[in-house]
Each structure stands twice: as C-alpha cells, then as structure tokens.
Amino acid sequence: DAGVTQSPTHLIKTRGQHVTLRCSPISGHKSVSWYQQVLGQGPQFIFQYYEKEERGRGNFPDRFSARQFPNYSSELNVNALLLGDSALYLCASSADRSSYNSPLHFGNGTRLTVT
Amino acid sequence: AQSVTQLGSHVSVSEGALVLLRCNYSSSVPPYLFWYVQYPNQGLQLLLKYTSAATLVKGINGFEAEFKKSETSFHLTKPSAHMSDAAEYFCAVSLQGGSNYKLTFGKGTLLTVNP
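The listed protein sequences derive, respectively, from chains A and B.
Numbers in our numbering are just positions in the first sequence, counted from 1, shifted up by 10.
Numbers in our numbering are just positions in the second sequence, counted from 1, shifted up by 734.
No lab work stands behind these hints: they were computed from the structure.
Be aware that a few hints might be false.
[To be verified] Simulated DEER-style distance windows between Cβ atoms:
1) S83/A / P813/B: 37 to 43 Å
2) R25/A / P813/B: 37 to 43 Å
3) L844/B / S37/A: 31 to 37 Å
4) A90/A / G750/B: 49 to 55 Å
Note that beta-carbon positions come from the ideal geometry of N, C-alpha and C, so glycine has one too.
Extracted from the complex, chain A is given alone in its bound form (with noise of 0.2 Å):
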C-alpha cells in the first residue's frame, strides 16, 4: 500500500506570493493533519482535518488554510508567502480523530524556499 504522498517536493516562491501544498493520505485514513517544520525545529502543529472538518488549527496567522476533499485528499493553501514560511512541510495521515489507537503516518514532506 502506499504510503502518505505529498506534492510538491520542492518549492521555490517569492516573497508575497501564493502556493498550494497537496497531500494524499493512507488509503482508508479519514483524519490529515498538516505541521511545518522549520530547519532545526520540530514540527508544528498548523491544521487537522477529520472527515472533511476542521478539528484543530494551530497558532498560525490565517493567512494559512486548508480544506480536504471527498476522497480525504486536503491541501494547505498559504497566502502573502514572508521569508520565515521556509520550512519542510509535513502532511500525516490517521484512521481516528484522536491519538489514542491510531498512528500517525507522516510523508516525505514538501520543502518550500521563500526568496
């Protein structure tokens, strides 16, 4: 089966512009999460969808959104790109809402460069 896929990998942007991050889950996982990672950081928390609702978001400013579609894909739309929104982007996948007995699957992430 495969696993979380995530597109791009690589992103280049400019200052002030628009990008829209793509996230394929598990088969059969109803729950996406979205978490930026900054060089040298652990990941943060930004969004989770479950069943196409917003179950969770982050202390991000709202230039960050997101939406996830029937088929439980989701993207993570980000507007008036600033230089600190460089960071690997990390998208995960569960079958449950919650933590308790579902793993979190992460993909491989998108690294997006903001110049």
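Dock chain B against the given chain A, drawing on the hints supplied.
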C-alpha cells in the same frame, strides 16, 4: 497546554554503546507520549508510543522508553547502537481524551553513531 523538552540537541555514541535520549514533558492532563525518528530528507516514523497501559514501552528497531510520572519523563533507550540508528529523534506529547490529533513536538535530538 502541553510541552516537551528534549535535553541535548546532539548526542554522540560509539557503535555498540548504550543510547539514551532524554525527554521531559509538561501536561495539564494525563498525556500520550511518542517517539519519532526522522532520517535526512524524509518524514517522521513512529518508534513507539505510551497510551497509559504499560509504563515500559517497546518499539521498533530495539528501542524502548519508560514513562515515569513522578519525573515527568519519557526517555528513549537502546542497549546497543547501530550505525543505521544515526538520525534525528523527536519526542512528542498529546492529551488523553483530546478531540483532535494534535502532537506537540520537542526540538529534536540528533544522534550520531561513531564506528
């Protein structure tokens, strides 16, 4: 609110030596605790998790961790390091009974294994 502190951003051991990576947590309610490993240019892979059953948790690749409530710790150990263990390790916490799957990660510990 919950947080994780990983003591030591870089740990270096010889092949065959004991690996000890330290993690202390802070949580207002009983936590779930996790250890993830990240190899270069890859996403995170779950090593093990504590979900309030046994306090000594065994994971993949010979790793284990012990939950000590009195010390608010969840240190990761492996009796004998292998070259393939060289990677970055992240401790993470989530809240029991939470309505979503938000993980709060530490800053990570880079493990170097010397021949």
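Verification of the hints:
1. S83/A / P813/B: 37 to 43 Å: holds, 42 Å
2. R25/A / P813/B: 37 to 43 Å: Since R25/A and P813/B have Cβ atoms about 49 Å apart, the given range 37 to 43 Å is violated.
3. L844/B / S37/A: 31 to 37 Å: holds, 33 Å
4. A90/A / G750/B: 49 to 55 Å: With a Cβ separation near 52 Å, A90/A and G750/B satisfy 49 to 55 Å, so the hint holds.
In summary, the one numbered hint that this structure violates is 2.
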